[in-house]
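**Q** Here the protein sequences line up with chains S and W, keeping their order. Numbering-wise, the numbering used here comes out as the position in the first sequence, counting from 1, plus 487. Numbering-wise, the numbering used here comes out as the position in the second sequence, counting from 1, plus 487.
Don't read these hints as lab results, they were simulated from the structure. Each residue gets a CB set at the ideal place from its N, CA and C atoms; glycine is no exception. Among the hints, erroneous ones may be present.
What follows is a set of in silico ranges between Cβ atoms, one per label pair, in the way DEER data are often shown [stated by the list, open to error]:
| no. | chain 1 | residue 1 | chain 2 | residue 2 | range |
| --- | --- | --- | --- | --- | --- |
| 1 | W | Val605 | S | Ala630 | 46 to 52 Å |
| 2 | W | Asp492 | S | Gly602 | 35 to 41 Å |
| 3 | W | Ala546 | S | Gly602 | 44 to 50 Å |
| 4 | S | Glu733 | W | Asp573 | 34 to 40 Å |
| 5 | W | Ala764 | S | Glu752 | 37 to 43 Å |
Protein chains: 2
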Amino acid sequence: MAGPDPALLSINAATVRAQWTLPRIIDGCARHGIRGIAPWRDQVAAIGLGDAAKRIRDAGLTVTGLCRGGMFPAADRAGRRAALDDNRRAVDEACALGARCLVLVVGGLPKDRAGTIVSRDLIGAREMVRDGLGELLEHAQGAGMPLAIEPLHPMYAADRACVNTLAHANALCDELCPKGSDGLGVAVDVYHVWWDPELAAGIARAGAADRLFAYHICDWLVPTTDLLNDRGMMGDGVVDLPRIREWMEAAGYRGMHEVEIFSQETWWKRDPDVVLATCRQRHAERS
Amino acid sequence: MAGPDPALLSINAATVRAQWTLPRIIDGCARHGIRGIAPWRDQVAAIGLGDAAKRIRDAGLTVTGLCRGGMFPAADRAGRRAALDDNRRAVDEACALGARCLVLVVGGLPKDRAGTIVSRDLIGAREMVRDGLGELLEHAQGAGMPLAIEPLHPMYAADRACVNTLAHANALCDELCPKGSDGLGVAVDVYHVWWDPELAAGIARAGAADRLFAYHICDWLVPTTDLLNDRGMMGDGVVDLPRIREWMEAAGYRGMHEVEIFSQETWWKRDPDVVLATCRQRHAERS
Numbered sequence: 488m489a490g491p492d493p494a495l496l497s498i499n500a501a502t503v504r505a506q507w508t509l510p511r512i513i514d515g516c517a518r519h520g521i522r523g524i525a526p527w528r529d530q531v532a533a534i535g536l537g538d539a540a541k542r543i544r545d546a547g548l549t550v551t552g553l554c555r556g557g558m559f560p561a562a563d564r565a566g567r568r569a570a571l572d573d574n575r576r577a578v579d580e581a582c583a584l585g586a587r588c589l590v591l592v593v594g595g596l597p598k599d600r601a602g603t604i605v606s607r608d609l610i611g612a613r614e615m616v617r618d619g620l621g622e623l624l625e626h627a628q629g630a631g632m633p634l635a636i637e638p639l640h641p642m643y644a645a646d647r648a649c650v651n652t653l654a655h656a657n658a659l660c661d662e663l664c665p666k667g668s669d670g671l672g673v674a675v676d677v678y679h680v681w682w683d684p685e686l687a688a689g690i691a692r693a694g695a696a697d698r699l700f701a702y703h704i705c706d707w708l709v710p711t712t713d714l715l716n717d718r719g720m721m722g723d724g725v726v727d728l729p730r731i732r733e734w735m736e737a738a739g740y741r742g743m744h745e746v747e748i749f750s751q752e753t754w755w756k757r758d759p760d761v762v763l764a765t766c767r768q769r770h771a772e773r774s
Numbered sequence: 488m489a490g491p492d493p494a495l496l497s498i499n500a501a502t503v504r505a506q507w508t509l510p511r512i513i514d515g516c517a518r519h520g521i522r523g524i525a526p527w528r529d530q531v532a533a534i535g536l537g538d539a540a541k542r543i544r545d546a547g548l549t550v551t552g553l554c555r556g557g558m559f560p561a562a563d564r565a566g567r568r569a570a571l572d573d574n575r576r577a578v579d580e581a582c583a584l585g586a587r588c589l590v591l592v593v594g595g596l597p598k599d600r601a602g603t604i605v606s607r608d609l610i611g612a613r614e615m616v617r618d619g620l621g622e623l624l625e626h627a628q629g630a631g632m633p634l635a636i637e638p639l640h641p642m643y644a645a646d647r648a649c650v651n652t653l654a655h656a657n658a659l660c661d662e663l664c665p666k667g668s669d670g671l672g673v674a675v676d677v678y679h680v681w682w683d684p685e686l687a688a689g690i691a692r693a694g695a696a697d698r699l700f701a702y703h704i705c706d707w708l709v710p711t712t713d714l715l716n717d718r719g720m721m722g723d724g725v726v727d728l729p730r731i732r733e734w735m736e737a738a739g740y741r742g743m744h745e746v747e748i749f750s751q752e753t754w755w756k757r758d759p760d761v762v763l764a765t766c767r768q769r770h771a772e773r774s
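Just chain S, same shape as in the assembly (with noise of 0.2 Å):
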């Protein structure tokens, strides 16, 4: 199979979050002809919205999601609205950025707000997601920005996301967008979705209805040492991921692969500019 276009690649600016700041890496991409970028809104605070649309936008570069809005689960009334609130003020960040999408992490099981998890009730929280998902899509919808569910590996399901599945983010994307994308899809991450063998009918799915809104790649590590921080560059380690790429073509995917890439231990200790130059080439070569 041929190898994916080089001006397709974006780069998620955590894979270098822990040696760079955003202006570093947007300078960065720059350097290593990448063309798009995908920030997260701490990194945009730190310098402020206008100067980080300000310098994205004299770079060139796309910015293929702002990371990110959800976390709906609450474990009272007041919580799901501060939630909701601040999914709003990230519409409106995503919005400044010119962003292709605000990507969703959902959210678990409710927490309280101090961070601890007060329920053991999976099915309540996904209703609280759909409920959170539908009155943010409103703002949303009214502002054009697109909102990506992004259904996260199972091992998250409790504290970070309790969508797990493509065939549950389309499933919500039917119930609130009955008649097609209308503002509302999904991000693809590899990392996430890589194991369900109902994936390759799920991405089928999604873009039949226009709603493949992104597409993250990095690589399971086997084995993996941490749950969170321990993701492969492509390349090293067991997913597929030419074949991923293969059915996000045919159902119509024609957006940049973003690298993101959380790792501890590897790529995080490493010269951002040995990890810029290793994404492009491996995002060549193996992905």
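Given the structure of chain S, go ahead and fit chain W onto it with the hints provided.
**A** Same frame as chain S, but now just chain W:
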């Protein structure tokens, strides 16, 4: 909801394997009024199959499963044949022990003899699993030993089991035994499947076909610090165990509740009599 019948408690011998040999575990079960056990093959081999069978029989324990067969995918035909031969021996050992089923952890991506993953073809691995199951099933049916496919958590898809949902396990049963159980079913382990939005439906479907062969309990801790050996005691994590038990019972499951906890830093370091007493208490009060 009413608590479970204490007489239904079974102990998977891995739960205290760091502290005790199989004879001591058997004695411990008797001492704590625990009426079921699920030994591992290496524990049985350490004292000899005949001796293990006699001790378990003399103690009046129900063997809720033998752990384990499976690991079907391999790099080459010789490797797959060796796996099948070993699986046939596992069936025979399960018969000698009078086990209710042989638990199958089906294997992940194909490995060579040194244990190195040699392929990223997950779809191909799943075909090897189906084929291996089909071959083993003939021997198991002849021996009268039920085979229980245990879907493992998706975080083990690469290296331990590429069957990661109850839906997939049910589909394999349907394909290989279209007329009903016929000696092929599933082991439902809450640790692996608690997150699945299709879990209730999968349990109901398996129950309707008389395929619920085993039920394993423990808990999912937040945070989980190790992918393998950081399982929690019932009540210490986020799994809604009474609700899942209710689904099992509604689906017709009347078998035992097998506690299987891999816990390097906590339960494998405690006095095993305390572990068993805690299992009893938490089974009664939190499961």
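**Q** All hints are to be evaluated individually against the structure, with a verdict given for each.
**A** Hints, verified against the model:
Look at W/Val605 against S/Ala630: about 49 Å separates their beta carbons, and that is inside 46 to 52 Å. Under the hint 35 to 41 Å, the C-beta atoms of W/Asp492 and S/Gly602, about 37 Å apart, fit the expected range. About 46 Å separates the C-beta atoms of W/Ala546 and S/Gly602, a value consistent with the hinted range of 44 to 50 Å. Hint check: S/Glu733 to W/Asp573, Cβ distance near 36 Å, so the stated range 34 to 40 Å holds.
Between W/Ala764 and S/Glu752 the CB atoms are about 39 Å apart, so this pair conforms to the stated range of 37 to 43 Å.
Hint compliance for this structure: every hint is met.
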